[in-house]
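Protein chains: 2
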Amino acid sequence: MTEQLQTRDAKAGFVVDADAFERFSQVDDVFNRSWWDPTVRDEKTEKFYETYRKPLREWRKARGFRRHDYALRNAAWHVADHFAELFEDIDRRDGFLDPLSALREASTEKEDIGSPEQVTADIKKVSAILGADLVGIAPYDERWQYSSRYSRLSESAKPNEIGEGLDRVIVVGQAMDASWIQTAPSALAGAATGLGYSQDALVLLSIAQFIRNLGYRAVPSMNDTGLAIPYAIQAGLGEYGRHGLVITPEYGPNVRFGKIYTDLPLLLDEPRSFGVAEMCDLCRACTDACPASAIPGGSPSDERYNQSNIKGVTKWTVDGEKCFSYWAKINSDCSVCIRVCPYTRDHSKLSNRVWARLAQGRLRTLALWLHQRSGTADRVSPAEWWSGNGTKVEITPRRP
Amino acid sequence: MTEQLQTRDAKAGFVVDADAFERFSQVDDVFNRSWWDPTVRDEKTEKFYETYRKPLREWRKARGFRRHDYALRNAAWHVADHFAELFEDIDRRDGFLDPLSALREASTEKEDIGSPEQVTADIKKVSAILGADLVGIAPYDERWQYSSRYSRLSESAKPNEIGEGLDRVIVVGQAMDASWIQTAPSALAGAATGLGYSQDALVLLSIAQFIRNLGYRAVPSMNDTGLAIPYAIQAGLGEYGRHGLVITPEYGPNVRFGKIYTDLPLLLDEPRSFGVAEMCDLCRACTDACPASAIPGGSPSDERYNQSNIKGVTKWTVDGEKCFSYWAKINSDCSVCIRVCPYTRDHSKLSNRVWARLAQGRLRTLALWLHQRSGTADRVSPAEWWSGNGTKVEITPRRP
Chain A
15 MTEQLQTRDA
25 KAGFVVDADA
35 FERFSQVDDV
45 FNRSWWDPTV
55 RDEKTEKFYE
65 TYRKPLREWR
75 KARGFRRHDY
85 ALRNAAWHVA
95 DHFAELFEDI
105 DRRDGFLDPL
115 SALREASTEK
125 EDIGSPEQVT
135 ADIKKVSAIL
145 GADLVGIAPY
155 DERWQYSSRY
165 SRLSESAKPN
175 EIGEGLDRVI
185 VVGQAMDASW
195 IQTAPSALAG
205 AATGLGYSQD
215 ALVLLSIAQF
225 IRNLGYRAVP
235 SMNDTGLAIP
245 YAIQAGLGEY
255 GRHGLVITPE
265 YGPNVRFGKI
275 YTDLPLLLDE
285 PRSFGVAEMC
295 DLCRACTDAC
305 PASAIPGGSP
315 SDERYNQSNI
325 KGVTKWTVDG
335 EKCFSYWAKI
345 NSDCSVCIRV
355 CPYTRDHSKL
365 SNRVWARLAQ
375 GRLRTLALWL
385 HQRSGTADRV
395 SPAEWWSGNG
405 TKVEITPRRP
Chain B
15 MTEQLQTRDA
25 KAGFVVDADA
35 FERFSQVDDV
45 FNRSWWDPTV
55 RDEKTEKFYE
65 TYRKPLREWR
75 KARGFRRHDY
85 ALRNAAWHVA
95 DHFAELFEDI
105 DRRDGFLDPL
115 SALREASTEK
125 EDIGSPEQVT
135 ADIKKVSAIL
145 GADLVGIAPY
155 DERWQYSSRY
165 SRLSESAKPN
175 EIGEGLDRVI
185 VVGQAMDASW
195 IQTAPSALAG
205 AATGLGYSQD
215 ALVLLSIAQF
225 IRNLGYRAVP
235 SMNDTGLAIP
245 YAIQAGLGEY
255 GRHGLVITPE
265 YGPNVRFGKI
275 YTDLPLLLDE
285 PRSFGVAEMC
295 DLCRACTDAC
305 PASAIPGGSP
315 SDERYNQSNI
325 KGVTKWTVDG
335 EKCFSYWAKI
345 NSDCSVCIRV
355 CPYTRDHSKL
365 SNRVWARLAQ
375 GRLRTLALWL
385 HQRSGTADRV
395 SPAEWWSGNG
405 TKVEITPRRP
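Residue numbers (the working numbering), protein chains in the order written: chain A, 15 to 414; chain B, 15 to 414.
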């Protein structure tokens with residue numbers, strides 16, 4: 015490992031045991047295991063996928079799980095699903111098991127892109143205006159690339175190759191709608207995930223096409239190809255949290271990440287810490303609230319609960335099997351850990367920025383106490399969301 | 015014509031001569047004429063399309079027309095282009111000549127949607143959260159449906175049918191990026207159009223899928239199937255302007271419109287006026303600035319410049335042939351009339367809301383004078399946009 019990488023690892027809080035470390039195979043991802051692994055797959059997991067894929071033949075009648083809620087969740091997933099299924103016939107699942115495909119020709123002739131400073135500024139500006147809520151640059155790192163992809167067709171491994179020389183990873187964050195997340199657990203909250211993916215697909219495809227139009231290479235990726243979490247941290251977008259999610263200063267953990275591998279000579283961002291490790295060390299909000307008891311309350315360790323955890327990395331580790339079994343039980347993804355996280359708040363409000371400042375220093379115990387008293391993490395009933403009495407949803411000028 | 019329709023026409027300012035009126039055929043749209051009509055089609059129009067469709071083989075070297083500008087414009091179009099070309103093999107051009115296709119199965123069993131008040135509120139809330147910047151409900155109106163579609167394959171008319179009983183039209187507005195529009199005319203400004211369409215496609219497909227998941231019918235449409243302008247006015251989203259565009263109170267004319275035909279029993283919005291007719295009567299900003307002299311300075315009339323204008327409607331009418339010939343000349347869409355329109359301003363700012371209030375009443379002459387003095391409609395150089403010194407583009411929390 016180069017010295018630069020060591021320095022970056024230290025800054026990012028990555029503790030990797032080089033001897034024990036093994037790259038993660040996407041075959042072992044709990045979602046994929048729910049297809050091929052009989053210890054995970056059962057009637058419930060099958061029904062879980064069915065509620066997303068088939069026209070609402072199955073649903074629960076509980077609050078937040080009415081047909082309206084499923085109708086909206088699946089509608090929010092619609093565009094992401096379209097891209098995912100576009101090349102199913104050639105055993106691709108774009109954005110989830112394979113990178114998003116290049117959909118149009120682009121230039122083969124390289125444009126003069128100016129200095130690395132110039133092109134980095136251009137890429138950040140272009141990403142923002144095309145719809146990225148956050149953007150940062152990380153170095154390509156073999157360790158975070160899946161050792162293999164998962165083939166739905168063969169129900170086994172297939173190669174994970176994106177080509178040589180893609181030394182930079184543009185990491186893009188899409189904020190999810192907090193008013194939906196506040197209703198978690200519910201099918202309605204799952205709409206936040208779906209729309210996050212759909213918007214991510216649009217943004218990643220557009221940024222990648224911009225790069226390709228300049229004659230450079232770009233491989234847009236959502237959950238496929240590599241682990242988004244370490245890349246987002248290396249891109250300086252946030253710090254790792256107890257729930258296994260990246261906590262960003264702008265949106266807390268309420269963000270989806272996408273990435274674009276490229277050969278553009280982009281300047282790297284630096285990992286940054288703003289007191290999250292210390293806060294998560296104190297706080298057990300996600301541990302206590304997790305309906306599946308999948309988030310341990312202890313210290314970071316390299317213990318693996320099962321094959322769905324990576325080997326040789328000391329960190330807070332979530333039990334993916336338990337997590338997903340709850341999703342299968344409720345027929346939707348969960349997001350309770352995002353709702354209850356003290357960092358999930360409207361950071362554009364002064365009061366919340368003051369809170370974040372407090373959480374960053376020695377008064378973090380006070381910050382945590384204030385958060386617990388505030389009730390902001392309480393579940394909003396899906397009925398209230400629909401009636402509009404809970405969280406007000408207004409059409410406001412966004413880009414006037 | 016029913017009395018209700020007459021009342022709505024009067025409110026909307028529509029002056030239609032029932033004897034002279036003829037539905038418009040999309041075959042006569044100037045974009046389609048540039049394919050089949052030798053009086054419009056020439057080397058320049060062919061090159062115009064080529065710069066959008068082929069990897070940047072042609073471009074001008076003027077400011078705002080560098081390869082970076084084209085690269086970004088075409089990237090912004092990327093997702094809209096993808097949907098447009100998805101079913102080209104069966105002579106469809108989704109979103110432009112044909113409605114966006116249903117991409118997934120949906121429910122055939124009707125859900126209990128509650129009262130018309132309830133479902134209207136639900137649709138507006140869902141549209142907003144799925145990304146619509148504006149939303150309103152218009153009645154279906156045969157007059158604004160194209161008498162026929164244009165077939166690229168046969169270069170002639172094909173039927174324009176969407177089925178019976180789709181009595182309501184949900185009209186959706188997508189704000190375009192003003193910092194891009196400020197650089198018009200430029201290839202860079204064309205990125206605002208492209209991204210508007212791409213986002214429109216995502217939003218329309220998602221809303222339509224929500225409706226279909228409830229067991230109702232929904233036909234999502236961009237430029238295809240019917241005229242967006244009269245529907246947007248009937249949906250109460252804005253008032254008709256001299257440049258032939260709808261001026262909205264929220265974004266001025268800097269908006270793209272999409273629509274969804276549906277059988278949901280939605281409550282209608284009412285057309286509204288806020289002084290635009292009176293202001294456009296005074297103002298000649300678009301007339302004076304139009305590089306193609308395509309926007310007359312006179313009074314509304316039913317005069318047609320050529321077959322690309324509708325018959326039997328008294329209104330301000332733009333000469334589409336002149337307009338498009340300028341686009342072909344600069345290899346990009348123009349948008350100068352949007353840039354210079356006094357209503358194109360950040361209406362979330364108090365000062366601009368005060369201006370709009372002034373523009374609404376007897377002091378509109380003063381409002382116009384203030385606008386002319388302010389220089390806000392001046393072109394921002396594309397180089398300034400890229401360097402960030404002109405209009406600042408920040409990544410700000412959008413949906414925290």
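There may be inaccurate statements among the hints.
Identical copies carry no separate label here, and so any pair may be met within one copy or between two of them.
With a cut-off of at most 30 angstroms between alpha-carbon atoms, the simulated DSS-like pairs for lysine-lysine come out as follows [to be verified]:
| hint | residue 1 | residue 2 |
| --- | --- | --- |
| 1 | Lys-25 | Lys-58 |
| 2 | Lys-68 | Lys-139 |
| 3 | Lys-336 | Lys-363 |
| 4 | Lys-75 | Lys-329 |
| 5 | Lys-329 | Lys-139 |
| 6 | Lys-363 | Lys-139 |
| 7 | Lys-75 | Lys-139 |
| 8 | Lys-325 | Lys-139 |
| 9 | Lys-172 | Lys-363 |
| 10 | Lys-68 | Lys-325 |
| 11 | Lys-139 | Lys-61 |
| 12 | Lys-343 | Lys-325 |
| 13 | Lys-124 | Lys-363 |
In case anyone wonders, no lab produced these hints; they're calculated from the structure.
Since the copies are identical, ignore which copy is meant and state whether Lys-68 and Lys-139 lie within 30 angstroms (CA to CA) inside a copy, between copies, both or neither. between (39 angstroms within a copy, 24 angstroms between copies)
Evaluate Lys-124 and Lys-363 at a C-alpha cut-off of 30 angstroms and name the case that applies: within, between, both or neither. Answer is neither: 44 angstroms inside a copy and 42 angstroms across each miss the 30 angstroms cutoff.
Between the shortest in-copy and the shortest cross-copy C-alpha distance, which are at most 30 angstroms for Lys-68 and Lys-325: within, between, both, or neither? neither (36 angstroms within a copy, 46 angstroms between copies)
Between Lys-25 and Lys-58, at a C-alpha cutoff of 30 angstroms, which is it: within one copy, between copies, both, or neither? neither (42 angstroms within a copy, 55 angstroms between copies)
When no copy is named, should Lys-363 and Lys-139 be tagged within, between, both, or neither for a Cα gap of at most 30 angstroms? Answer is both: 24 angstroms inside a copy and 23 angstroms across each meet the 30 angstroms cutoff.
Checking an output row: Lys-325 and Lys-139, CA cutoff 30 angstroms. Within, between, both or neither? neither (37 angstroms within a copy, 45 angstroms between copies)
30 angstroms Cα cut-off: does Lys-343 pair with Lys-325 within a copy, between copies, both or neither? within (28 angstroms within a copy, 60 angstroms between copies)
I want to check one pair: Lys-329 and Lys-139. Are their C-alpha atoms no more than 30 angstroms apart within a copy, between two copies, both, or neither? Cα proximity of Lys-329 and Lys-139: none, with 33 angstroms in one copy and 40 angstroms across.
Within, between, both or neither: how does the pair Lys-172, Lys-363 come out at a Cα-Cα threshold of 30 angstroms? Neither: 47 angstroms inside a copy, 54 angstroms across copies.
Intra- versus inter-subunit Cα pairing at 30 angstroms for Lys-139 with Lys-61: between (43 angstroms within a copy, 29 angstroms between copies)
Within a copy, between copies, both or neither: which one fits Lys-75 and Lys-329 at a CA-CA cutoff of 30 angstroms? Neither: 38 angstroms inside a chain and 53 angstroms across chains, both beyond 30 angstroms.
At most 30 angstroms between CA atoms: does that hold for Lys-336 and Lys-363 within a copy, between copies, both, or neither? neither (35 angstroms within a copy, 49 angstroms between copies)
Consistency note: the structure conflicts with the earlier hints numbered 1, 3, 4, 5, 8, 9, 10 and 13.
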